[in-house]
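Start from the sequences, fold in the hints, and give me the full structure.
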Amino acid sequence: MIRFFKKVISLLTLAILVPSGIVLSAQAIQMQESVNWEGIEADLTNVRISQNIITIKVKLRNTGSEEQSVKIPYGACFIMDETNQKKYYPLKDSDGLYIAGPMADEQRGGRFWFGIEAGKAKGLWIKFPEPADRPENITISLEGIFPFEEIPLKR
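Numbering (the working numbering) for the sequence shown: 12 to 166.
Treat each hint with caution, since some may be false.
Simulated pairs of lysine-lysine, DSS-like, Cα-Cα distance not exceeding 25 Å [as the list claims (entries may be wrong)]: (1) Lys-131 <-> Lys-103; (2) Lys-82 <-> Lys-165; (3) Lys-70 <-> Lys-133; (4) Lys-131 <-> Lys-82; (5) Lys-138 <-> Lys-70; (6) Lys-103 <-> Lys-70; (7) Lys-103 <-> Lys-82; (8) Lys-165 <-> Lys-70.
It is worth saying that the hints were derived from the structure and are not from the lab.
Right under this line is the structure:
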């Protein structure tokens, strides 16, 4: 009976911590610093290919002592196939909005524009077309963040 209650308490704890973002995700694939915002670091946490679509996930962390207002227009983001010297921009839906989130507003197809408090983090995701030449590695560029370079594409 005690074992049952321990399992229930563990599940309830996870149910509370995971949605609130307290439980951290797996180790970052690569970390880059911000060019624009003091104390902001970006962790590339996931790159996935499914049905010729690349989905990236990034966690923006504020390691500084003050809240930072981070603005990233999704239309300014891209992946690059350096081997074949080609850029690929995020996919758009039928309404002309980028398939990305969270979205603060729909200006210029949508953008990430959120305050990140000191010591806190906020995640974002973006979907891109898979490069036609199927390179082994890509570079990921988000406005205001140094590029994530030589990111392997695992198929």
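Checked hints:
Between Lys-131 and Lys-103, the direct Cα distance comes to roughly 29 Å. Violation of the 25 Å bound is thereby established for this hinted pair. Restraint check for Lys-82 and Lys-165: the C-alpha separation of about 30 Å exceeds 25 Å, so the hint is violated. Only pairs whose Cα atoms come within 25 Å are accepted, and Lys-70 paired with Lys-133 is accepted, the gap being roughly 6 Å. A hinted pair counts as satisfied when its Cα atoms are at most 25 Å apart, and Lys-131 with Lys-82 qualifies at roughly 16 Å.
In summary, the hint linking Lys-138 to Lys-70 is supported, as the alpha carbons are separated by about 15 Å, within the 25 Å threshold. Using a Cα cut-off of 25 Å, the hinted pair Lys-103 and Lys-70 holds, with the two alpha carbons roughly 22 Å apart. A hinted pair counts as satisfied when its Cα atoms are at most 25 Å apart, and Lys-103 with Lys-82 qualifies at roughly 19 Å. For the proposed pair Lys-165 and Lys-70, the alpha carbon gap of about 20 Å is at most 25 Å, so the pair holds.
Checked against the numbered hints given earlier, this structure breaks hints 1, 2; the rest are met.
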